[in-house]
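Number of protein chains: 2
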Amino acid sequence: MSVFTEKMCFVLCVFIMGWVMFGQAVFAQGISARMEHPNLVLTKDGVAAVRNGLEKYPLLGATFDKTKKDVDASIADGIEVPVPKDAGGGYTHEKHKHNYSAANKAGILWQVSGEKKYAVFARDMLLKYAALYPSLGVHPEGKNSSSPGKIFWQSLNDAVWLVNMIQTYDAVYDFCKPQERRIIEDSLFRKAVEFNVIDCKKVFNMIHNHGAWNVAGVMMTGFVLGDSAMISDALDNFLALVNNLYSPDGYYIEGPYYLRYAYWPFGLTATAIANNLSSLNIFAYRDSVLLKAPLVMLQMTDPTGHFLPFNDAIKEKAWTSQEVISAVDIVYFRTKNHSLLHVAAEQGTVMLSSEGVEVAKAIAEGKAPKSFKRYSVMLRDGADGNKGGVGILRSGQDDDQISVVMKYGVYGMEHGHYDKLSFMMYDQNRDIIKDYGAVRYLNIVQKRGGRYLPENKTFGKQTVAHNTIVVDEKSQYGASAVIADDKHSNALYFNADNGNFQVMSAIDTTAYSGVSLWRTMAMFKYDIAEKPVIIDVFKVMSNEPHIYDLPYYYAGTLVETGVKYDAHKEWSPLGKKYGYQHLFNVAEASVDTNSTFFTWYLDKRFYTLITTTTPSTEVFFVQVGATDPEMSLRPEKAFIVRNKNVSNYTVASVLEPHGEYNEPFEFVNGAYSNFKNISVIKDSENSVDVSVGTKDGREWLLSIDRNNATVKKIK
Amino acid sequence: MSVFTEKMCFVLCVFIMGWVMFGQAVFAQGISARMEHPNLVLTKDGVAAVRNGLEKYPLLGATFDKTKKDVDASIADGIEVPVPKDAGGGYTHEKHKHNYSAANKAGILWQVSGEKKYAVFARDMLLKYAALYPSLGVHPEGKNSSSPGKIFWQSLNDAVWLVNMIQTYDAVYDFCKPQERRIIEDSLFRKAVEFNVIDCKKVFNMIHNHGAWNVAGVMMTGFVLGDSAMISDALDNFLALVNNLYSPDGYYIEGPYYLRYAYWPFGLTATAIANNLSSLNIFAYRDSVLLKAPLVMLQMTDPTGHFLPFNDAIKEKAWTSQEVISAVDIVYFRTKNHSLLHVAAEQGTVMLSSEGVEVAKAIAEGKAPKSFKRYSVMLRDGADGNKGGVGILRSGQDDDQISVVMKYGVYGMEHGHYDKLSFMMYDQNRDIIKDYGAVRYLNIVQKRGGRYLPENKTFGKQTVAHNTIVVDEKSQYGASAVIADDKHSNALYFNADNGNFQVMSAIDTTAYSGVSLWRTMAMFKYDIAEKPVIIDVFKVMSNEPHIYDLPYYYAGTLVETGVKYDAHKEWSPLGKKYGYQHLFNVAEASVDTNSTFFTWYLDKRFYTLITTTTPSTEVFFVQVGATDPEMSLRPEKAFIVRNKNVSNYTVASVLEPHGEYNEPFEFVNGAYSNFKNISVIKDSENSVDVSVGTKDGREWLLSIDRNNATVKKIK
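For the record, the sequence lines run as chains A and Z. For the first sequence, counting from 1, position 344 maps to 324 in the numbering used here; every step adds exactly one. For the second sequence, counting from 1, position 147 maps to 127 in the numbering used here; every step adds exactly one.
Do not take every clue at face value.
To be verified - Simulated pairs of lysine-lysine, DSS-like, Cα-Cα distance not exceeding 25 Å:
| # | chain 1 | residue 1 | chain 2 | residue 2 |
| --- | --- | --- | --- | --- |
| 1 | A | K295 | Z | K584 |
| 2 | Z | K511 | A | K49 |
| 3 | Z | K549 | A | K437 |
| 4 | A | K511 | Z | K49 |
| 5 | A | K549 | Z | K96 |
| 6 | Z | K556 | A | K65 |
| 7 | Z | K549 | A | K556 |
I should point out that these hints are in silico values taken from the structure, not numbers from a laboratory.
Given the sequences, and given the hints that come with them, work out the whole structure.
Structural data, given as structure tokens:
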């Protein structure tokens, strides 16, 4: 109960009082009697709205037609409910996934069209599962999961199956005969709930996105079966999840890529709660965090709608993914935020429910804007919003927007990476300074069933796979998730009010014992420059000397650098552990100047990073792909700037997008950086002054302290 | 004169008779008197047509507005004609390029708009060049070119400059005062022609695309100055170029990438000839080869309009490049082939001339088709069409087209590669079995001035960089261009009449002494398969045992293979020369089965190659990038199937595109090949029988001989 706010507590007390007053059975019967079907996500009103909108709103009609076509094909194929055998991507896995999706859709079609064949298909599917389910033990491939399922190799998929199948049942409840209902409820749903609650107790009670699916399945089953014990158990856990997984800003603990998936059960469950326990006012809970979160998630995309690939993320995932459809529709339905219509239009499909009807209607009325506006934004991390966060500075609009993202929040549960104070830079609609993301080929069964590959742990998560300082060639927290899990960086400030000088600053004292890392990144539109530059001041403090490695994973072709490197004839791994074993040492160099530069180009533009160096600076040019027995890694490239035998050290860099590479008209402008130098001119514990100058003699002074950063032109 | 056909000879005789009869001076004066200005590409009629069409045809109007904007900006910047200093990409290089382009456009604007500022700008530019030109020696960066220029580092650019500047002069001829004309003609154009004809004699007389620019410049200058000696010299060379660089099918000796550039002077010169010596009927010459060639070139693009990257090719180049605009407009003007309108619409700009008006008009009338249709086609190589060729088999349309391309023509002059019988496969709008193309970063001045890099010769051109058999780890012709230059493969047959079984076969006995290479490739749409498979039968015959390496450069992620490989911890070059020094040996395997397979995926689809093996077969997984001191190579991946100590050997393979990877809806279908095995069941000098079978028990027999190939279902 500790998870409840006062208001919620009141509402639930009323609920529990009812339960206590009437006794469980009576109350359950009471709900059962009151509940009409369907009433989870699709409601009686929703059915009427869909029917009414089919001809009027093209997107709704198209979705309906597509759904009909899919289900008709499934009906033609006949129902097959195979004994579970294969892992992700394999035959039985894909078949059961197909089944729950087809059944859920058939239920909706029955409600909307009244065509009996859909009800028959849905009911027969339920009965076939009811016949099989009681005989199922643990899935034969369950050994690969920390929480095996029965129908699928991991219980997560079983929970998703339940969420779909209970909606199916809700849709055909009235169609089923009482004896069919008894079979379906007793042999299937009560047993499935038992599995979800008892066998998967750990997951059901876990503060984790997997738990959200279990909770969703149990809660929805409770609503349909009129079982208040299920509802109560699930509701308690649901609120605990909402309280702990989201920050007050709506930032989700595992980052945008996982929220894409995680919000699915949150959105559906909240909708079912809103439809069945409307007095809870669930969407207003925690200052409407469940409405904020999807908007925050969409802000954390690149201009093509791909999610910023924090943590374990498949970089191909974009907002067009099916799992994002309900998030967009549910939030639009309750906020009427028009920016969501742009996303819905790109998705090209809507929910067949009240939510989807509203979206399709608004799009038909021409309300969808041409683009989704992305802004500079700082998102606090942690349930109370005091565990650092993620900062995004942006300049320009739409296709012409440059973004820089810094991550300084919590570890992010088991999908987290050791990437405190790492950054990414976006331009030309893609990542220019890159994060590798997850090492995984999702759904490619030949690549270990589509699961995370071992290199995800040995490389993807490690600090050296990120654009942040690695101390002594080790990962943050010694690559221990247990240690990392309750640590976080701290936000110092974030200021995007001045479009010409936006700045964010964060500090971390937890990642490396005895070392404090303080990074300040500014997006600076100097004078009348069309494009901003990124100024990056990374200050490291320690009482002991260390090796500090700062990698930059760049996209494109390196065309010039200020260092004289030796390219190795044979390639060997750069190190033995903490991810270094996966980096080939391609070339290396010593630096004997005060600063050096790296210029590369990609598509239509050049990029130059000028960075301060010391007499001990070395540079390694690396390529990902060493120690890769199954040839799973992509050959990404980076340069690593190393400073060794230093204790306190501040590196200042300016990263400039410049010039134009015009391929059709075959000309090049501005292939060289406009900047000449950058240097740290004052450096103390709590402040740093940096000067940066252009080749045409202009110069600026950047003054950074713990509370603020400012810039002024000095020449 | 030997290059003339009878008909041409007649026409030119008339011309020469006139010259002889009236004496050179008189005749020249005669032409001069007859010639109105402008009359090269833009004519008086063209000016009227452009004026008339500006308001009516949006594409013409847009091109005009854009041109006006560009030139207005140039006028605002003022004229700068710097003393030549920089190589390609550098300041003076780009400035002079900008100048000739701006001047040429200003001339056109003057003609069309009658606004005096354009004439003044063009004239003043001419006068500034006239003031500078006589003082110029060889360009300071000329040492990097086999034929240095004066204004540019290579004379090629000087010739392009001349072609633009003489059109400029033609446009403002009437505007210039007689004394200005004298200065411009004597100090600039006569000297420039002298440079092009005398100093660059080798280039001017060369059968080569560079020569085409010199010839164009000299011929156009001849027309404008009324100098019949110039015209005669240039015409003779022009016809020699047309006779020798194009095959009767319009295939250009250097391949489609270079024709893109080479056709520019051909199209402009032929247009100027048509406007000034119309009785020559130049576009009908050699069975209209100058109208065929651009159409052939456009057939040799992928579905996104990128040129098949034969030989030295920059893979980014597409039909939207500026150099393709005039080719499309000129050919449309004279053929009214509507497919060209699709390309013109994608280019989004037209010539400001009669040609461009016709294109813009047709597009305004809605005549542009939605797509450009690509067909299966065999293009003969060699001036007489008997030197092998290029075969392209295609199945499906537009975005859903699969293509396989085999190259079995001539070497292709100094931009040729040692790639006889190499193939590429296209699907999903891109190359799936890839050709590396050229090692060059065009116009990136930091990469050796944008010139070809040394690795172009040591890797890009070498046989092992291509998807064809390498014998004894050496390149074809011992990588000697001199030897390769007059050798060619022979086409055996090409048959695309049966859409379900298209086949092409070619043989080469010149690439390796004592070794005959015979490759037959079929595109086979078995039974009711949606997608065809590629069947590849490569027969090698020799009296001596050799090492035969067959690389497959694949795009995507390898997900499974039938061989058990050891991935190397340290990467070393696979060999020492012939390109092997640039390949890292990533992993290797021995094969102990009769066939093996490789499955990879890219974007939405899987690909499996099943290939026959012998007890001596080894497999190497390689990555490009070894011995690369300037880090210029892309990390492309290949597997190389090696058979050693065999003399006669036939390898048969089936390459199947299969399955679907649906990312938004997160499902995978058909991740495994439908095929089970392939084997060579009969093998003699002149014929091979191959059987290929699917996992569901179907089997086909492919019978190949020197004259034909057939397939029949046997199970």
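Against the structure, the hints come out as follows:
no., hint, in the structure
1, K295/A - K584/Z, "holds (15 Å)"
2, K511/Z - K49/A, "holds (23 Å)"
3, K549/Z - K437/A, "holds (19 Å)"
4, K511/A - K49/Z, "holds (23 Å)"
5, K549/A - K96/Z, "violated (62 Å)"
6, K556/Z - K65/A, "violated (50 Å)"
7, K549/Z - K556/A, "holds (11 Å)"
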